[in-house]
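Undergrad: Heads up: the protein sequence lines correspond to chains X and L, in order.
Counting from 0, one number per residue, gives the positions in the first sequence under numbering that gives the first Met the number 0.
Counting from 0, one number per residue, gives the positions in the second sequence under numbering that gives the first Met the number 0.
These are calculated hints, taken from the structure and not from any lab test.
One thing to keep in mind: the hints can contain errors.
What the hints assert, rightly or not - In silico DSSO-like pairs for lysine-lysine, Cα to Cα no more than 30 Å straight-line:
| id | chain 1 | residue 1 | chain 2 | residue 2 |
| --- | --- | --- | --- | --- |
| 1 | X | Lys197 | X | Lys60 |
| 2 | X | Lys141 | L | Lys208 |
| 3 | X | Lys216 | X | Lys228 |
| 4 | L | Lys208 | X | Lys216 |
| 5 | X | Lys216 | X | Lys197 |
| 6 | X | Lys60 | X | Lys216 |
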Amino acid sequence: MGEYRAGNWVGAGRPFMISFDNVAYNYGGGELLSDMTLRLAPGSFHFLTGPSGAGKTTFLKLSYAELLPTAGHVTLFDRDVHGLTRDDVAMTRRRIGVVHQDCQFLDHLSLTANVALPLTVAGRHTGEGDLADLLAWVGLDKLSAALPPSLSSGERQRAALARAIIMGPDVILADEPTGNLDWEMSLRLLTLLVELNKMGKTVLVATHDLNLIRQAKSQVPARVLRIAKRRVQLSGADL
Amino acid sequence: MKAVLASVLARLVPAEPADAVVPPSGHTAWLTSFTAGAMTFLAVFALALSLASGCLADRWSAALERTATVRLSAPEDQIELQLTAVLGVLATTPGIESARALTDEESRALLEPWFGPDLPVETVPLPRLIEVVEDGSGYDGTGLRQRLAAEAPGAVLDDHTRWREPMAEAAARLRLLGLLSIGLIGAAMAAMITLAANASLAATAQVIKVLRLVGARDAYIARAFVRRFTLRALTGSAAGAIAGLVGVILLPAAQPAGGFLTGLGFQGAGWLWPFVLPPLAALVAFVATRAAALRTLRELT
Chain X
0 MGEYRAGNWV GAGRPFMISF DNVAYNYGGG ELLSDMTLRL APGSFHFLTG PSGAGKTTFL
60 KLSYAELLPT AGHVTLFDRD VHGLTRDDVA MTRRRIGVVH QDCQFLDHLS LTANVALPLT
120 VAGRHTGEGD LADLLAWVGL DKLSAALPPS LSSGERQRAA LARAIIMGPD VILADEPTGN
180 LDWEMSLRLL TLLVELNKMG KTVLVATHDL NLIRQAKSQV PARVLRIAKR RVQLSGADL
Chain L
0 MKAVLASVLA RLVPAEPADA VVPPSGHTAW LTSFTAGAMT FLAVFALALS LASGCLADRW
60 SAALERTATV RLSAPEDQIE LQLTAVLGVL ATTPGIESAR ALTDEESRAL LEPWFGPDLP
120 VETVPLPRLI EVVEDGSGYD GTGLRQRLAA EAPGAVLDDH TRWREPMAEA AARLRLLGLL
180 SIGLIGAAMA AMITLAANAS LAATAQVIKV LRLVGARDAY IARAFVRRFT LRALTGSAAG
240 AIAGLVGVIL LPAAQPAGGF LTGLGFQGAG WLWPFVLPPL AALVAFVATR AAALRTLREL
300 T
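Chain X on its own, in the form it takes in the complex (with noise of 0.2 Å):
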């Protein structure tokens, strides 16, 4: 029975980011995902790890309401999502920060106006100013003005995580963000994804690069989450 509860080890009375209750999933063709229970708790730092096709990124999706369980409860923010309005799956967005490998970006903008999207669609604007520190802090301050199909994976994947903060989420969620890069590259993205969990942001990092594991948990008490046999586990054996 695989099961993990992150609030063993947060405060009492603090509520949790995410939480599953008895998930699970079915695509139609079998069960992908089953009986998981679990909690995420403010300011926590996770890695989830599994074999490809394991289930790692419907469990993502499942954290940010784009797909609903088949059975269970997943509660984002104290609130189940089965009785989330689309409007308010789109409110509960604004507050969850996601990074995709394959990033997703709108091709016939610049990359300013990308990372600037979520404040777009939220009617709310940010100072040029702070929009330039943010792409300087992601190495980006030279290239605002270039569309996405003239980046490099690197540059989508720091544009992606800046997209993902610019709202100030209390969560963020990467689906393989150094799956397309170097180790140096992967590094500095790891050492962005730190520090925001150092500024407090609950991180949750779906990844089948052990070296990064290591390599994060030597800068933060990062948790290891695997999902195994449709089931999450917290990784027992140090990495």
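Take the given structure of chain X and dock chain L to it, following the hints.
TA: Chain L alone, transformed into the frame defined by chain X:
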């Protein structure tokens, strides 16, 4: 023309950020404008047909309503006697304003379209026609017929009822058909804009996915499409309305001998009606695109 109109509209309705996040949608852009323009062009003619038939119906009814004709056929030696009797009866009938016998020249003019200008009216045994004008209060047709039968047996009263009713009915049907055409044109335009909006939404499914991912609400995404399609319909429709008006202006002017077709057009304030069509097209586009966008968004994510 269209570019100028679009420029004016852009000044009147400034672009919203929502517009920029949706990429240009290629062919659907000009197809929507073209559809709106073509439909409005047709609607202008349907409107002209409807209004003209309405005017004609009113005119015919008014002209025929207050007039009647007495046709007098009698042996040559009695015709003048009976004519005097008929005019005497008409002069003493309440509800009749005036009555006069048509002259030979007037009779010849009436028959000219069929027999030519050289018809010897004097030698042909034609019935005499007496034009009767009512005074508005109406007369007793049955009583008048009885009196005419007594005083002038060769006189027959024709109060135009058998002409007036079918004509009025035909004109009313024509007006209804015109209005029905406008309704169908509007429905067809709504259907085509809905298809164009659906195509545009399907082509930008990936964009919508990204927008949803970063927290865009359906209303925000729909607004971008709705505004775009509404403006396209408005500009296209305005161009179609202007083209339709030019077409109506270029139609031949109404001729007394030309009948209905040469009278097709607008009269007075009727010229303003075509200008109602572009806002109406924009409203149709707004409703159709919004419904299509919200429905597609629910299906996409």
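Undergrad: Indicate, hint by hint, whether the structure satisfies it.
TA: Outcome of the hint check:
no.	hint	result
1	X/Lys197 - X/Lys60	holds, 24 Å
2	X/Lys141 - L/Lys208	holds, 28 Å
3	X/Lys216 - X/Lys228	holds, 25 Å
4	L/Lys208 - X/Lys216	violated, 34 Å
5	X/Lys216 - X/Lys197	holds, 13 Å
6	X/Lys60 - X/Lys216	holds, 25 Å
In summary, the one numbered hint that this structure violates is 4.
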